[in-house]
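A.B. asks: Start from chain A and add chain B according to the hints.
For the record, the sequence lines run as chains A and B.
Taking the working numbering, I'd label the letters of the first sequence as residues 869 to 982.
Taking the working numbering, I'd label the letters of the second sequence as residues 2 to 114.
Simulated from the structure, these hints should not be mistaken for lab results.
All C-beta atoms in this analysis are idealised placements derived from N, C-alpha and C, irrespective of residue type, glycine included.
Warning: the hint list may mix true and false statements.
Cβ pair distances, simulated, as ranges [what the hints assert, rightly or not]:
id : chain 1 : residue 1 : chain 2 : residue 2 : range
1  : B       : Lys57     : A       : Asp894    : 24 to 34 Å
2  : B       : Gly83     : A       : Thr954    : 45 to 55 Å
3  : A       : Glu920    : B       : Pro82     : 22 to 32 Å
4  : A       : Asn938    : B       : Gly53     : 35 to 45 Å
5  : B       : Gly83     : A       : Pro907    : 43 to 53 Å
6  : A       : Asp894    : B       : Gly41     : 18 to 28 Å
7  : A       : Asn938    : B       : Pro82     : 17 to 27 Å
8  : B       : Ser31     : A       : Asp894    : 20 to 30 Å
With the Cβ distance kept under 7 Å, some of the chain A side facing chain B (calculated, not the full set) [as the list claims (entries may be wrong)]:
id : residue
9  : Gly871
10 : Ala892
11 : Met895
12 : Asn896
13 : Gly908
14 : Gly910
15 : Leu911
16 : Ser943
17 : Phe958
18 : Ser962
19 : Glu970
20 : Phe973
21 : Gly976
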Amino acid sequence: NAGVTQTPKFQVLKTGQSMTLQCAQDMNHNSMYWYRQDPGMGLRLIYYSASEGTTDKGEVPNGYNVSRLNKREFSLRLESAAPSQTSVYFCASSRVGSSYNEQFFGPGTRLTVL
Amino acid sequence: TQLLEQSPQFLSIQEGENLTVYCNSSSVFSSLQWYRQEPGEGPVLLVTVVTGGEVKKLKRLTFQFGDARKDSSLHITAAQPGDTGLYLCAGAPGSSNTGKLIFGQGTTLQVKP
Numbered sequence: 869n870a871g872v873t874q875t876p877k878f879q880v881l882k883t884g885q886s887m888t889l890q891c892a893q894d895m896n897h898n899s900m901y902w903y904r905q906d907p908g909m910g911l912r913l914i915y916y917s918a919s920e921g922t923t924d925k926g927e928v929p930n931g932y933n934v935s936r937l938n939k940r941e942f943s944l945r946l947e948s949a950a951p952s953q954t955s956v957y958f959c960a961s962s963r964v965g966s967s968y969n970e971q972f973f974g975p976g977t978r979l980t981v982l
Numbered sequence: 002t003q004l005l006e007q008s009p010q011f012l013s014i015q016e017g018e019n020l021t022v023y024c025n026s027s028s029v030f031s032s033l034q035w036y037r038q039e040p041g042e043g044p045v046l047l048v049t050v051v052t053g054g055e056v057k058k059l060k061r062l063t064f065q066f067g068d069a070r071k072d073s074s075l076h077i078t079a080a081q082p083g084d085t086g087l088y089l090c091a092g093a094p095g096s097s098n099t100g101k102l103i104f105g106q107g108t109t110l111q112v113k114p
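The following block holds chain A by itself, in its conformation from the complex (with noise of 0.2 Å):
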């Protein structure tokens, strides 16, 4: 098993540019979400899908849109990238109905907006 997998691993844009960040898991988790790291900050979340067909503001959701395109995948949109969203982005599963909400991380996208 693969786990989860997010692609690509390095980005660079320029201010005004668009870009799909995907992830995909195998682990048959009804939740995923992503979250945005920077440092001293910890992680932020900024979108989650409880489950395919549904998803959900986090913390810092402006500047960017998702897609839960079936229960393996779920993409995270910038419309029209900014510095401010220069940072990691990893995208997370759990199972459903695990009380304890134990997350599985993928690696991780490194973007730099210009």
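C.D. replies: Frame of chain A; chain B shown alone:
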């Protein structure tokens, strides 16, 4: 808004020393987790504590959940260079069933040989 405050934010020690990392909140959590993250990788779950007062041990790491389920600590005995990394605590809000977690800011640990 529920917050988790971790302290210290950065710790640099010599191999063999002991250390404790704290994770505090004014809110109650139904469970609390500790993750470890190495450079260039995603966080990996170390342990979950769910009962107030619970203590769990993982080799040289000891995790404790506060009696009121508002705080937690991670104690490392005789730290080794392999313990170097970012340690994150994360709490599951008591009223949420969405799977969401609240993360602390993280503690960067550097263990020098």
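A.B. asks: Mind listing which of the numbered hints don't hold for this structure, in increasing order?
C.D. replies: The structure conflicts with hints 2, 3, 5, 7, 9, 10, 11, 12, 16, although it agrees with all the remaining ones.
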